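The chain contents come next:
Protein chains: 2
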Amino acid sequence: MVAPDRISLNTATVRQQWNLRECIEGCSRHGIGAIAPWRDKLAECGVDEGARMIHDHGLRVSGLCRGGMFPAADAAGRQAALDDNRRAVDEAVTIGAVCLVLVVGGLPAGSKDLPDARQQVQDGIAATLEYARTVDMPLAIEPLHPMYAGDRACVNTMRQALDMCDALGEGVGVALDVYHVWWDPELDHQIARAGARNLLAFHVCDWLVPTKDLLLDRGMMGDGVIDIPHIRRQVTANGFTGDVEVEIFSQDNWWRQDPDHVLATLVERCATVV
Amino acid sequence: MVAPDRISLNTATVRQQWNLRECIEGCSRHGIGAIAPWRDKLAECGVDEGARMIHDHGLRVSGLCRGGMFPAADAAGRQAALDDNRRAVDEAVTIGAVCLVLVVGGLPAGSKDLPDARQQVQDGIAATLEYARTVDMPLAIEPLHPMYAGDRACVNTMRQALDMCDALGEGVGVALDVYHVWWDPELDHQIARAGARNLLAFHVCDWLVPTKDLLLDRGMMGDGVIDIPHIRRQVTANGFTGDVEVEIFSQDNWWRQDPDHVLATLVERCATVV
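Residue numbers (our numbering), protein chains in the order written: chain A, 2 to 275; chain B, 2 to 275.
Don't read these hints as lab results, they were simulated from the structure.
None of these values were measured; they are calculated from a predicted model.
Everything hinted at is true.
Below 20 Å or equal to it, Euclidean Cα-Cα: the simulated EDC-like pairs (lysine to aspartate or glutamate) are:
id, chain 1, residue 1, chain 2, residue 2
1, A, K113, B, D224
2, A, K113, B, D218
3, B, K213, A, D253
4, A, K113, A, D75
5, B, K213, A, D152
6, A, K213, B, D152
7, A, K113, B, D189
8, B, K113, A, E187
9, B, K113, A, D224
10, A, K213, B, D214
11, B, K113, A, D228
12, B, K213, A, D218
13, B, K113, A, D189
14, A, K113, A, D124
15, B, K213, A, D214
16, A, K113, B, E187
Ranges between beta-carbon positions, derived for each pair:
id, chain 1, residue 1, chain 2, residue 2, range
17, B, E23, A, D41, 43 to 53 Å
18, B, P211, A, E187, 20 to 30 Å
19, A, D6, B, A197, 51 to 61 Å
20, A, A4, B, D75, 33 to 43 Å
So these bits of chain B aren't anywhere near chain A, every CB distance computed over 12 Å:
id, residue
21, E23
22, E26
23, E50
24, R79
25, D84
26, D91
27, L169
All C-beta atoms in this analysis are idealised placements derived from N, C-alpha and C, irrespective of residue type, glycine included.
With the sequences and hints as input, model every part of the structure.
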């Protein structure tokens, strides 16, 4: 049971229907206490205007989506990624985000060298972290489902993300999305290992059976097979006190529905099946 | 570099084009030394006739696909699975297979309880193993990609499969398919842990970027992002001496092509990129 005030709306959930202003006003209408904007929504209205609107509506910001995408085929590409991540850190600070979520990136074009990509990720986070620490913005590594190892994120388990946190030191933790980690036999153990110090964000949606698209067929909580309450209890028992962020990519279902119906549904589901 | 004689054709690779006799004759034409039939192909012609054809063409049998699918919603369902697995063991013996490959099954209908499904899997393998040992048929647990945890296999990593092998004792090992495990940061370590004793089968195909379907969009070796030679070297260095089995589910590409072209292509790719 998660009360509306402890829900965060990730703007991806209604990204086809609403701009940032509409998302913010929607949260207010439905009693949702927090928001997690994607940078494209923020860019549309301007970061300062976005920050002002969020502040004026009294919303918390559970995270900014997203930094990352570190691996590149050459030094220029890697530098461009670092520059972009520095801007993302600044934007996260401007909107008062709890953390900057990192989708770390997959294999550079033409590469099959996963260990190298993973080293590039660690190096990229280390460089970004130097700056992020100076402005007190925590970085949250989001381990993505192994089906994204090639093209989106080569950090694919909680164990791997936490190993990286251990190597990197203060100022970096993890964003745990049930969609990416629910299958992991070690999940409970790694959540306990993370603890309050490293659990920076908690995202929910559901895994549909069958899943028709690798990226854009996530389910509403309760419509799939993830034991979400179990994972939420583990996260809570290990010290996470933040907002429960709802992030649903759903090209053929929720992105086509009336966004007020989407918000009403996720509020109801958070009360009953999360 | 894998010579044709050390290749095994998994019949799924041309399952839309050929029956078992055609697969066997195709192997002979292309100098392929082994075959791995699915049970449906074997059932079409009869197990004894299938065994005779395979023997007459001098093919080795790298495995029978497949047993498993243990979890069920009730005791009757579990017993039906055990009965079917006993028949699968007998069929594997009849065709002289190196092992019976187990796709262990996912969540029973209506369940979200992964730990329970995993326990059902372990119990089901233990029961099947009692019989398999009496007829000297090794069982090969195939960890499937985490994207199949819900509906096909709740054993999703080499670590998990090997932990299960440790718990079950003699007569059970793993079938390693690069498609399912290539992303795993622990892969090299777990291959070394498995060693010759537990590495019973080695399957290859490739992970396409993008992947358009969770089940039926596997790639031909060399067309995707998996560093197959690296994994093959690890498997070989740790004592695997069996055939390299090619198993490609490809609804929109290879299943629509001339099957002799498919075999010629996989023979060429095994020589150059495996």
